[in-house]
Structure formats: C-alpha cells, structure tokens
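Asker: Sequence:
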Amino acid sequence: MTARDAAGNTTAITYTQTSALPFPSAHDAIMLQSIAYNGATTTLSNASAVYHAAFNRRKDTLEAFSADLRTASSTVIATYEPRRNETIITTSPTPRPKSKGDKPVHFNRSNDMRPERQTLPGLVILYITTEKGSLIINY
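Residue numbering for the sequence shown follows numbering that gives the first Met the number 0, beginning at 0 and increasing consecutively.
What the hints contain is simulated information worked out from the structure, not anything from laboratory work.
DEER-style ranges, computed between Cβ atoms:
| no. | residue 1 | residue 2 | range |
| --- | --- | --- | --- |
| 1 | Thr17 | Thr41 | 16 to 24 Å |
| 2 | Asn37 | Arg83 | 37 to 45 Å |
| 3 | Tyr138 | Arg3 | 22 to 30 Å |
| 4 | His51 | Thr118 | 14 to 22 Å |
Where is the CB? At the ideal position from N, CA and C, for every residue including glycine.
Let's have the full structure, built from the sequences with the hints guiding it.
Answerer: As structure tokens, this is what we get:
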C-alpha cells in the first residue's frame, strides 16, 4: 500500500494479511513487514494490527470489538463494551530486548514500564499512522 501527501512525500507499507473482516471469521490480522518513507526503507519486526469483531446478525448490532496494535516501542489494546458503550484502552511500552547481565523488567508500580489504562466513551478504533518513517499508534 502506498500513500502520498500534499507535499509529495511517499509512504509505502508492506504487510501480510491473515484473514478478512467482517465475515466469516470476524477476525482480521496484518503483520507489518516494512515501511518506506521517500524511498528510505525500514524493516519492521514485531509490528502488527489485529482486530476482532462480533456481530449479531439477527439484531444487526455489534456485540464486541477489540483491537491489539503493536510496534517496536509500544502495545495498545482497545476493548469495546457495548452494554456500557465505552472502550477500555490499555497502553504498554514494549520492554527493550534483554542482554546478558540485565535484570528482568516487570510491569509494576515501581518503574516506568507499567501499563496505563483509560476508559473512553463510545466505540474507539485504534489505527497506526506514520511520521517520517516511524509507526505511531493512535485512537
């Protein structure tokens, strides 16, 4: 997929897709492989976007929706709860790879690696944008 902005900058994203929304599986996942910004290509590792939706065809309603987006630096998970009409967003930084002698990093209240959680009204959809070749998760 390639996009060009008004200033003439070009961003091209290469990915693989594992299924197609909305039916029959109601589950869609893509693994991002590379991003090229104005011809400079960056290989992406561990970047993905997974969406899951559950529809009630008889009532023509959305019964559940979740999204799990990951980049090299963060993970954001959104879970929509239709009964309360709210979305819970959980954001977690991705720990850096361990090297010999590193102490294990745990998500807890005593360090900066703990997940943040917030509740927003309505259905909130996560998406990935690019900024000069970097991936940014937004909502």
